[in-house]
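Student: Take a look at the letters that make up each chain.
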Amino acid sequence: MTTSADMTGTPGERAEQPPDADDAPVRGLWRQGVEVFCEDRLALVGVAIFLLLAGVCFLGPLFYHTDQVHTDLAAVFLSPGAPGHPLGTDGVGYDQLGRLMLGGQTSIIVGLAAGVLATAVGTVWGAVAGFVGGWVDAAMMRVVDAMMAIPSLFLFMLMATIVTPTVPMLILIIGAFAWLGPARLVRGEALTLRAREYIQAMRSMGGTGGRAVRRHIVPNAIGTVIVNATFQVADAILYVAYLSFLGLGVPPPAANWGGMLADGLADTYSGHWWLLYPPGIAIILIVLACNFIGGGLRDAFEVRLRRR
Amino acid sequence: MRGRFHRRALRGAVAIASVVVGLGLVACTGGASKSAQGGSQGKDTVTVAFRTPNWILPISAPGFTQGENATFSSALYRHLYEYKLDGSAKYNIDTARSLANPPEISNDGKTMTITLKDNTWSDGKALTTRDIQFWYNLVSANKDKWASYRAGGFPDNIADFTVKDEKTFSLTTTKVYNTAWFVDNQLNRIVPLPKHVWDTDSATAAAADLSATPEGAKKVFEFLTAASKDPKTYASNALWKVNSGAWKLDGYVPGGEVVLTAQKVYSGSDKPKLSKVVLKPFTGDDAEFNVVRSGEIDYGYVPAAALDQRKYLESKGYTVSPWYGWSITYLQLNYNSPKSAPLFKQAYVRQALQMLIDQPTISKVIWAGTASPTCGPVPRKPGADGSADGCAYSFDPAKSKQLLESHGWKVAPDGQTTCQRAGAGPDQCGDGIAEGTPLAFTVTSQTGFAAATKTFAEIKSQMTKLGIDLTIKEVPDSVAVTPACKPTDANCSWDMSFFGAQGSWYYPAFASGERLFATGAPVNLGSYSNPEADRLIEATQFSGDDSSLKAYNDFLAKDLPVLWMPNPVYQISTFKSGLQGVEPQDPMNGMFFQDWSWKN
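Chains as they are written, first to last, in this note's numbering: chain A, 1 to 308; chain B, 1 to 600.
Calculated directly from the structure, the hints in this document are not laboratory data. Heads up, some of the hints might be wrong.
Said to hold, decoys possible - Pair by pair, the computed Cβ-Cβ distance ranges are:
#1 A:64 to B:469: 21 to 31 Å
#2 A:61 to B:44: 30 to 40 Å
#3 B:308 to A:38: 18 to 28 Å
#4 A:116 to B:283: 49 to 59 Å
#5 A:51 to B:493: 41 to 51 Å
#6 B:361 to A:188: 38 to 48 Å
Said to hold, decoys possible - On the chain B side, residues computed to face chain A include the following (Cβ under 7 Å):
#7 308
#8 450
#9 480
Since the model is a prediction, treat every value here as computed from it, not as a measurement. Here a beta-carbon is modelled for each residue, glycine too, at the ideal position from N, C-alpha and C.
Starting from the given sequences, assemble the full structure and let the hints guide the process.
Tutor: Rendered as structure tokens:
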């Protein structure tokens, strides 16, 4: 039970191996995981879409220069194909293609940052609650239950009306309430893992609870966490869209796809389709991409679990 | 697991795609799947797009002065006088709708004797001068809590209130006022209240004569105010079931639908022709207009951005009619903001900011020609054109820049303009402005109005060009979060407030500014104070000469107590063509549902 041979099966124990230990099987698992991920065409499509959208949003402005700060009321609602405006202009004269790039930056930054923040907070919270157990677990999870009982969109809207929405503030607001799901997931994993022999062995050798959480619980739940993180990113992007759709997003001249979609809807009946379709399709694609990547990652981690 | 995640992803994608494609199809085909066959046409009900009111007591309270509250309240409780602006009646009094005959003036203009017509409450009790006195006692004892109160105004300017009999009472003023002003802007506030039901301080105690003393009146007022602050009980609370108006409240959902039904024992001459009015709120322009297009509502509005849908709506049996108001629109500045007050107190800063607001272009492009520039505190004629002729400060960014630079500001286009020469000299930034102070403001605006959002995007853009940082914050109710305040108040940090997506202020018949721009005025949210403005405002109350109104207007147009903004129509009303009596739409923002009927 305490031999190094017994310890090679889990990442947690891998961390306790001496530096010269043979980690070839572990590398093999990772390679298998990558291979499985690469075999998943939808996952690869997801990666490609995500990279493409991120590339267009973050690198596009380097090559396609537009003024996204100053309005131009002399050039409102120009149709796609108008000189200098391949995707037309909006109701205050902003170039729509440039705006898509700017809006995409906000959506992706907030989505990624809020998703990572929610996952990090939720992972630590759930791991501590699940590992410590007892009244600590009960108290911590009641906090989660209580917060989950309140509709998240309502909380986001409430917060967004109290504070001035900015990108960092949106990240904090969404991250502050989106960690509940990961906390529950990781807590479930922790409850299972804490009963494992290798953790009991570590404790019997004098290992602390903090070390158990840091070196064993979290690393062993990493598959669940990463997969969940991809969905958190997708959800966060949608939350940004919801808030902006309700007029609670970042104020102009900043943009995001949800806000653009809302603006487009205001002009829907005037036939300005180019204000509606591009941001709508972009939201669909980025959320799909995150979900496809998440699905692929899940399968990749399942390989490791099956092998173990 | 793999399949589950992919199915989830696909389901999500299909759902989102369906929504967007569906919306897009509607957009591209230019036609709703339903024709305008819904609503209540041909029945005795009308459905109306209308923000949910949140104040029922017909004594206005600070923070609850929104137009929907006034309309709601007046549907249930008639004012002593109603007015019309067509110039056909003495003092603009609409005699047919009013509860009393026009006042008889005596005592060199100081005494007004008013005789009530025969009217009853919905419970059959006669409406008498006791109900007027009850109102008078309540506002006199609680004037600091009344949104219409300002020091020196009603009831401070009343030397004597005498009830002569059940039908006649008289008011004697402390000074000889301009009668037109007093009748239009003071007597318009009087709303008889059902003393026989409301003169109590608890739901269990029977109404008595508690309001006869100031202490008792305070208790009664507190009781009524508390009830009015509890919207969920509006439809059930017995207090609100005795009305003088043409309508009674049949259903009320906080933040939701309100149902009014015709008052069967209504004693006015303008009897309701419909039996029910359903007021439906919407979260924003888009949601409301979708319902209009689907024909599910009888009376709504067309957002400015969708005005080019007029022909489509008319082809579907709707009438489209802009509702021009006796109103002005402005951007409120907070002269008590700890951060921004020193800046706003500098006239050149206000002028520089005003010159960055391109009112004619915003009116024409963003408001689709349904707004017109505001040049001063006295409204232009309802339906005025979009030119800014006559405005003291026209759109002129170059002059604005010059003005700032000549007062010691280092203008940094697309950067941050800062004060370079602190001090109170003529070429310095001004008193209380430290070196390095940035020109940076936050404006609190309204959600749900696409044109307002675009307006501030344009203004921010113009300010950015001069390095002025404008942060835009939209909230559902900008009036509620930008109250009049003292610098030490916790809620006094706001800089600018906009609540003019449907016009900021609708005047009574006489467009004087004692409620808006006088020192300490109840709706002077920004605490603007200028002795000369006070003097000119005061003068309009005493002089029957139009020149006093002009002098007041000209002074404030230049002094800029607020920033003048494009004044939009109250709304571009659209209603089923079979709905009669909607027009003419009252420029003073009144809605008289009792005039409405369906064409047979």
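Student: Take a look at whether the Cβ-Cβ distance between residue 361 of chain B and residue 188 of chain A falls inside 38 to 48 Å.
Tutor: Distance hint for residue 361 of chain B, residue 188 of chain A is violated at roughly 59 Å.
Student: Take a look at whether the Cβ-Cβ distance between residue 61 of chain A and residue 44 of chain B falls inside 30 to 40 Å.
Tutor: 59 Å Cβ-Cβ, so the 30 to 40 Å window is violated.
Student: How about residue 308 of chain B: closest beta carbon in chain A under 7 Å, or not?
Tutor: holds, 5 Å
Student: Residue 450 of chain B was flagged as interface toward chain A. Is the shortest Cβ-Cβ separation under 7 Å?
Tutor: Residue 450 of chain B check passes; min Cβ-Cβ to chain A is 4 Å, inside 7 Å.
Student: Has the hinted range 49 to 59 Å been met by the Cβ atoms of residue 116 of chain A and residue 283 of chain B?
Tutor: With a Cβ separation near 31 Å, residue 116 of chain A and residue 283 of chain B fall outside 49 to 59 Å, so the hint is violated.
Student: At a threshold of 7 Å, is the proposed contact between residue 480 of chain B and chain A supported by beta-carbon distances?
Tutor: Result: violated, 11 Å to nearest chain A Cβ.
Student: Take a look at whether the Cβ-Cβ distance between residue 308 of chain B and residue 38 of chain A falls inside 18 to 28 Å.
Tutor: violated, 52 Å
Student: Residue 51 of chain A and residue 493 of chain B, beta-carbon distance inside 41 to 51 Å?
Tutor: holds, 43 Å
Student: Does 21 to 31 Å hold as the CB distance between residue 64 of chain A and residue 469 of chain B, or does it fail?
Tutor: Holds - the Cβ-Cβ distance for residue 64 of chain A and residue 469 of chain B, about 26 Å, lies within 21 to 31 Å.
This entry does not satisfy hints 2, 3, 4, 6 and 9, going by the numbered hints stated previously.
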